[in-house]
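Keeping the supplied structure of chain A fixed, place chains C and Y upon it in accordance with the hints.
Chain residues, written in single-letter form:
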Amino acid sequence: MQNTEKTPFRQSMSALHTWGSLVAGWMLFVIFLTGSIGVFDEPVSHWMQPERAAILSTMDYDPNSAEDRQAAVAKTQAYLQKVEPNGHLWFATLPDLEDPAIKLFWQDADETPFQARLHPDTGELLPASMNRDTQGGHHFVHMHFELHSGMLGVWIVGFFTLIMLVALISGVIIHRRIFKDFFTFRARKGQRSWLDAHNASGVLTLPFQLMIAFTGLAVFLSVYMPAAIFAHYDSPEAFFAEVFERPAPREMTHQPTEMTDLSTLFAESEQAMGKPGQFIQVEHPGDSSATFTVFGLFDADALKGRLVLPSSGMAEFDAVSGEQRHIEAPGAEPQGAAFRTQRAMRTLHFANFGGYTVRWIYFLLGLTGAVMIASGSILFMVKRRQRALNEFGKATPRVYRTIDILNVAGISGLLIACVSYLWINRLLPLEISGRAGWEVGLFFAVWLLTLLHSALRPVNKAWREQLLVFTALCLLLPVINALTVGDHLLIYLAEQDWRAAGVELTVIGFGLLALKIVRMMAKRQATARSEFAAQQAGLS
Amino acid sequence: MSSKSVAISLQALAAIFGGYLLASASTLFLSAILPLSKTEAVITASLFSFVVYPIAIIWVYARQDVKRAWLGMMLPSVILIAIAWLLTKGLS
Amino acid sequence: MTLMSQPVLAGLLLNTLAMTGLSLAMNKHHQQLLSGALPRNRARILRVLASCLLLLSLVLICNVWGIAAGIVLWLGLLSLAAIISVCLLNHLLFRALSLLTACVLVSVLLWV
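Chains as they are written, first to last, in my numbering: chain A, 1 to 540; chain C, 1 to 92; chain Y, 1 to 112.
Computed, partial: chain A to chain C, Cβ under 7 Å: (1) ALA228; (2) GLU242; (3) ALA338.
In short, the hints are calculated from the structure, not lab data.
Built from N, CA and C at the ideal position, the CB exists for glycine as well.
Isolated chain A, as found in the complex (with noise of 0.2 Å):
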């Protein structure tokens, strides 16, 4: 890097792309780890829900059954109208052959979440003993777009990402040597493979990275850019309703109402639709604007290859007078270049259009973003520790030590964290009340306590020592698994259950890796050490 001529623009690039990254570096790290295993939040949540089989193989349910789904649906509207009869919102998943149970949400007068999994058969919550309560692999999903904050989660994420372009461009700007180091990787070179990684993580897979990143702000645009929204339109509500073609949501008018049998409802919207609802939604219940919504079943595999998602077909209701007020016929296209747009993107983003092929490239991609942003963070130090640059004068040796102890923690500290969060799952005993609340909490106990250890110990122990945990917490889940559930990799692959044989060979596919990583990097110390000592003697 030295030694060639430097404009003062590609100076000003270097140092913007620098420190930028370094501020940005560990949340994007977590950005993207979480938002790589989020890709497989559903085998992720099947694996954490060993109950669900118990159910599927007993209950009488059959989700293809209309008389089945209309009864769910009843059931629904009894069980919310016992514990939430005049709440914001209803919400609710009718089961299917993944998933069992009747998955209920809703939201109180002051917009406070709750969540309840009803038996199928029965309507009545289900048992701790048939319900691991868990947030499963949404969990990681979560941490991705709004580290478990809400909206203020989903700003900050935004921010980052708009760092993330930032440094992608200005990385491209200050790398003189694209083409010519295209292919080029240089192992135990010290600083230089860190270099070369960096470089190669991040060229080979720019383009995924630049979409990535973009159409993650895509996602959420009329968050992240509401100006010409609020120029033209009373508020977003006004907007969403003239671009999806549905009515507006009505105001809130506080009469008591009582509402009319959903049930009755539902087999209608199913009959208007042609096919079978899956979801079901109630604004306002118990209000005389309450307005009753059914969702068509989303069906991935018939929409396979496609980026611009066609409507899965919806009804609206009036859910006092019956009265229907909206039908989108499933199949119909979204209107309008620029909406088709948006929507394409927010399929690119979300890696819904080709099953598990395109998820696994995601998965893939995502985490060599993942091992460019962790390469550049370590690489800043490797740098300052061959010669310190004393950019902060007196104190920088404490603000290299910070970024030290940050480092390990931000990136071995995550990956325990991420890992525990599966043996949490199998540990906590099922009768704790708001469960899958602990297990989020005591992922991050994991990821706190991985900083207080790296803030303990020099910060060369402090890698070799947590790649160590994360390398037996993963080759030891299948061990723990059939410990307490019973379950492990070789019964999985005897039953043929793909999804969880899945998720345990790719734990332990990373715990090899870790191990390996590891030695290899005992076996730099080693030469390192050597060299050194026959310096000395040279010296001497």
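The following block gives chains C and Y in isolation, referenced to the frame of chain A:
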């Protein structure tokens, strides 16, 4: 605080907030002049802002001149917002 | 295996071949792998062959997945293929990654 750290902070603020202002202004302007239906113009203009914003940040850092950076963000923003306002509210 | 994932795996293999070909068409990597300077003709032939392979995989994928999704997938596979060929050039790292790749591949094959 030393004058150097003040300059660094002012530059970062110009990039982050000035850049966001410019991106918003370009969205307002585009949504007002694009000859498309209202929803289409709004979506196109909003999507385009995610191109404007990173380029604005790069521009702020390209020249290490804080005054110029602020001027370069504020002046076009004001002009774009004024034109957009005239086109949507002023003429109707 | 579903009908739609087959051209994707084929595309990955074709792209990997092509990317490895393109890297061998560079003097630096040619020496690294085959030791010996790179004749100019060989570089040209390698580049033409690689381009043909890339085009073939693009056609294969777009044929099944449609143009829009096909191009997206092809670009993704191109990146993965480039990473694989970089690992191939560094056989030491390649051995480390082959463990992970083996695990991943086994689950992919079982899964899709």
